[in-house]
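Given next are the chains, with one letter for each unit.
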Amino acid sequence: MYRLRNFSIIAHIDHGKSTLADRLLETTQTLNQRDMHAQVLDSMDLEQERGITIKLHAIRMNYRTADGSKYVLNLIDTPGHVDFTYEVSRSLACCEGALLIIDASQGIEAQTISNLYLALENDLAIIPVVNKIDLPHADVEGTCEQIIDLLGVERDEILLVSAKEGIGIDAVLEAIVSKVPPPSGNPDAPARAMIFDSVFDSYRGAVAYVRIVDGEIRKGDHIALYSSNKTFEVSELGHFRLKKIPTDSLKTGEVGYIVASIKNISDTRVGDTIFTGKKRDIEPLPGFRDIKPMVYAGIYPASSENYEELRAAIEKLKLNDASLLYEPETSEALGFGFRCGFLGLLHMEIIQERLTREHNLAIVNTVPNVEYRVTKSSGDIIYVDNPARLPAQQEIEFIEEPFVDAQIITPSEFIGNVMKLTQERRGIYQTTEYIDPKRASLKYRLPLAEIIFDFYDKLKSTTRGYASLDYDIAGFVRSDLVKLDILINDDPVDALSYILHRAKAAQWGRKLTAKLRELIPRQMFEVVIQAALGSRIICRETVRPLRKNVTAKCYGGDITRKRKLLERQKEGKKRLKQVGNVEIPQEAFLAVLQIEKD
Amino acid sequence: MGFSIYIHIPFCKTKCSYCDFFSITNLDKQQTFIDTLEKETDACANDDRLTGKTLNTIFFGGGTPSLMTPDDIYSLMKLIIRSFPLASHTEISMEINPDDLTNSKLNGYIAAGINRFSLGVQSLDNSELRILQRRHNADSARSAINLLRSNDVNFSVDLIYGIPNQSVDSWLQTLASVIELAPRHISMYCLTLEDGTRLQQSINSGVLSLPDDEIVRAMYLSAIEMLTESGFAQYEISNFARNGFECRHNMAYWTGKPYLGLGPSSASYIHPFRWKNVSDIDCYITEVNKSGKAVSEIDEITPDTALREYVMLFLRLTSGLDLSEFENRFGIDFISAHREILERYYSHGLLSYDSDFVRLTPEGMFVSNEIISNLI
Chain A
1 MYRLRNFSII
11 AHIDHGKSTL
21 ADRLLETTQT
31 LNQRDMHAQV
41 LDSMDLEQER
51 GITIKLHAIR
61 MNYRTADGSK
71 YVLNLIDTPG
81 HVDFTYEVSR
91 SLACCEGALL
101 IIDASQGIEA
111 QTISNLYLAL
121 ENDLAIIPVV
131 NKIDLPHADV
141 EGTCEQIIDL
151 LGVERDEILL
161 VSAKEGIGID
171 AVLEAIVSKV
181 PPPSGNPDAP
191 ARAMIFDSVF
201 DSYRGAVAYV
211 RIVDGEIRKG
221 DHIALYSSNK
231 TFEVSELGHF
241 RLKKIPTDSL
251 KTGEVGYIVA
261 SIKNISDTRV
271 GDTIFTGKKR
281 DIEPLPGFRD
291 IKPMVYAGIY
301 PASSENYEEL
311 RAAIEKLKLN
321 DASLLYEPET
331 SEALGFGFRC
341 GFLGLLHMEI
351 IQERLTREHN
361 LAIVNTVPNV
371 EYRVTKSSGD
381 IIYVDNPARL
391 PAQQEIEFIE
401 EPFVDAQIIT
411 PSEFIGNVMK
421 LTQERRGIYQ
431 TTEYIDPKRA
441 SLKYRLPLAE
451 IIFDFYDKLK
461 STTRGYASLD
471 YDIAGFVRSD
481 LVKLDILIND
491 DPVDALSYIL
501 HRAKAAQWGR
511 KLTAKLRELI
521 PRQMFEVVIQ
531 AALGSRIICR
541 ETVRPLRKNV
551 TAKCYGGDIT
561 RKRKLLERQK
571 EGKKRLKQVG
581 NVEIPQEAFL
591 AVLQIEKD
Chain B
599 MGFSIYIHIP
609 FCKTKCSYCD
619 FFSITNLDKQ
629 QTFIDTLEKE
639 TDACANDDRL
649 TGKTLNTIFF
659 GGGTPSLMTP
669 DDIYSLMKLI
679 IRSFPLASHT
689 EISMEINPDD
699 LTNSKLNGYI
709 AAGINRFSLG
719 VQSLDNSELR
729 ILQRRHNADS
739 ARSAINLLRS
749 NDVNFSVDLI
759 YGIPNQSVDS
769 WLQTLASVIE
779 LAPRHISMYC
789 LTLEDGTRLQ
799 QSINSGVLSL
809 PDDEIVRAMY
819 LSAIEMLTES
829 GFAQYEISNF
839 ARNGFECRHN
849 MAYWTGKPYL
859 GLGPSSASYI
869 HPFRWKNVSD
879 IDCYITEVNK
889 SGKAVSEIDE
899 ITPDTALREY
909 VMLFLRLTSG
919 LDLSEFENRF
929 GIDFISAHRE
939 ILERYYSHGL
949 LSYDSDFVRL
959 TPEGMFVSNE
969 IISNLI
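If you're matching them up, the sequences are chains A and B in order.
If you're matching positions, the first sequence starts at 1 in the working numbering and goes up one per residue.
If you're matching positions, the second sequence starts at 599 in the working numbering and goes up one per residue.
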């Protein structure tokens, strides 16, 4: 058992996490040069394009130390985006140590610090690694000083590495063995394992990626899931090499996968406890949280005849993505579609892109929103994840919205900017703590609705890219919220309704109607766009009618030229959605997002 | 069934600012062109799809056909007549430029067989003519019309509206003066900005600007009113005639009749093919001398395309789309296929329909691209 080490890597984007991982795999001969694709761990296209890791992966290495002892090292990879903080924390909980990689030419980034905090919360041993020491503008000593300030370590505990050049890799492996504690846990107790990820395999069902905390799980064992009480029989289990390698059992401390004819990926929830034996004898592993979407949005087929295709595509994505929630809904404006719940805006964009790119579907996406808790005059409490479903004003006693506890780490020179931004977003200031002389951690309580769109981007730009953001749901807080309706030629368009704070409603109404006027093409008649709060119209814009659209001369006998012109015009209409009498382009339904970016 | 011939004469002394039809201003190649055109005509005479068919209409367009001498026209006509029998009342039209017309030339053309002239007046306002970069002025346009009238020959006048700086008043003045000069046919075309024209450059660079859509629409609708009151019936988006003087050649285009195009850039249609000649004089000459033809694009008209063409063309006509003929040809009930759209346009006064026809109203015609693109 003490010959096992489980570790993770904490690094900022581009600081060399993937390259270092590749070197470790190479040095331990987990994969040879021939198998070597650059940056093996980030394998999805979208991940590579966006420079982030979305799905978690793990890999097992055999390592023989300088003194000849044999060790098994499990590297558990983590995603690197604020939308996925919970998943990161569960992956870290499966490890006893982490490599903290800092780019010698960049120094420590704020996001690294917040992930470091997550690691420290999970009591991980931290091995500081300064990477890219070969770069001409590397500031190795400066970076080491930052690390010493941050971690209170000795200079000689910091490893100097160039993953690209293969310098210092052995020292990293030696440090993993010597610094990372072996897994603790009771091999004789009933088995407990933590799920840190799962994937869906069309032949084998949901495959759980686990870390065994106590006991042992064998092929043929009956296992149960703590949160759902469902039981399954293990048909296969094994280790992660480049492929999945079946074994007979997974022992205390080991990392591997379990196949047990689990039909639904929602049964293998990240953070849940897999156990054997009786439930009453089992203490669930700490930290499990039911996945709760942060944002909701409608996804509709651009053309209603593609509804079934869209359903099939979402179902397929859902197979591999337990955090995607969806249910059918209808909109007066958009017809039949789905209300989907996402972990965050990035998650939403990924789903959107996969639907269009991988499934070749034209979709209309409505403006994302958070979930509101509404107390009705009758005393009933309902949850509203679609503004169109908000009860009428007179039926509402009050509305609550989700708030988050946010931690923003920023260089101290930008504190003023951060405060200004959070104030604009209705943030409630809590505390400021200095991490080191140049860096502060600010704590705020913020409405989730104010940070889901572009808060992170704005935060980055107001701090020249240096600040980080982490947040945790703090619960529902009563707010003075109103529903802004958009009327087009006097008919409310449900898909454009939006819930926001009363103080912001007037300005938003103006911006939104102005944006819609830009986006809606001229029609055969005047189009009046109005924003309304209840029955009160707060602003109005008009799209003048189309008055001239004619080919006066039919190009001699060149009928084909004329026909092609009209066919192109018809083609252009495909991006328009007929809402009542008015043709509205797909992008108009996301006009709110564009306003925020302006 | 008979057919039509279009002959493209690709020469102009100067190029008008708005025109994107194929033409060249180097007149040196005229003779070679005429020789080549005769070769192309001869070669087509052997096309067995046309053998024995009567010729209903002939149209000399351009470019500027009136740069051709009456002798040139005569020899071409002889060649055509040798190959194809003429119908009893073959309409033989020719576009003419006011500047080129003399009494003797006109008589020569008449003697060569031309029985309908289409005079490119465009405007009777000199500042507007300058913007269009026409060679003639208002006076020469009037004298050309008087010349045609004194010879008692059938003629049409071409006009353009929506010219930069043009007002509704100045447009209606031009139109009223033209009506007074008593042509039997008037075409009025809304100025269209075509890619690559000098006018487009002037507009893009801000030197000139087009009148607002509302103004141009007012020009169109008030012109229809004025023409109707003066006894001209509208029969197509841009065409008006006294009873019986509709241009049969253009009607052939709009009603799906076959036609043969001769000369560079000309278009032809013999079902199920549409094709187009090359838009290059040298290439045209070389190719015709090599093989008797100079085709650059051929399109096979599938049933689907035929349906779209049908909708697009018949909705240009005031007589409209004949529902039972449409159903016979395509097996589709047009009304039920498009009921929602038709009702919407109907409610906005853009079209009318009953159990026999769908027709665009004048207001509908001016947004016909939008309407038709929703119906094809």
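No lab work stands behind these hints, which were simulated from the structure alone.
The beta-carbon is built from N, C-alpha and C at its ideal position, and this holds for glycine as well.
A couple of the hints might just be wrong.
In silico DSS-like links for lysine-lysine, alpha-carbon gap of 30 angstroms or less [unchecked claim]:
#1 A:515 with A:548
#2 A:553 with B:611
#3 A:244 with A:230
#4 A:553 with B:888
#5 A:564 with B:676
Interface residues of chain B toward chain A, partial, derived using beta-carbon atoms under 7 angstroms [said to hold, decoys possible]:
#6 642
#7 787
#8 792
#9 807
#10 815
#11 907
#12 908
#13 910
#14 912
#15 936
#16 939
#17 964
#18 971
Hints, one by one, checked against the model:
1. A:515 with A:548: Distance of about 23 angstroms is within 30 angstroms: holds.
2. A:553 with B:611: holds (23 angstroms)
3. A:244 with A:230: holds (25 angstroms)
4. A:553 with B:888: violated (33 angstroms)
5. A:564 with B:676: Cα-Cα ~37 angstroms, so violated.
6. 642: violated (15 angstroms)
7. 787: holds (4 angstroms)
8. 792: violated (10 angstroms)
9. 807: Cβ of residue 807 (chain B) sits 15 angstroms from chain A, so the hint is violated.
10. 815: Status holds, d = 5 angstroms.
11. 907: holds (6 angstroms)
12. 908: Since the shortest Cβ distance to chain A is 10 angstroms, the answer is violated.
13. 910: Since the shortest Cβ distance to chain A is 6 angstroms, the answer is holds.
14. 912: At 12 angstroms from the nearest chain A Cβ, residue 912 (chain B) fails the 7 angstroms test, so the hint is violated.
15. 936: Where the cut-off is 7 angstroms and the nearest Cβ of chain A is about 13 angstroms from residue 936 (chain B), the hint is violated.
16. 939: violated (10 angstroms)
17. 964: Where the cut-off is 7 angstroms and the nearest Cβ of chain A is about 5 angstroms from residue 964 (chain B), the hint holds.
18. 971: holds (4 angstroms)
In the structure shown, a violation is registered for the earlier hints numbered 4, 5, 6, 8, 9, 12, 14, 15, 16, in ascending order.
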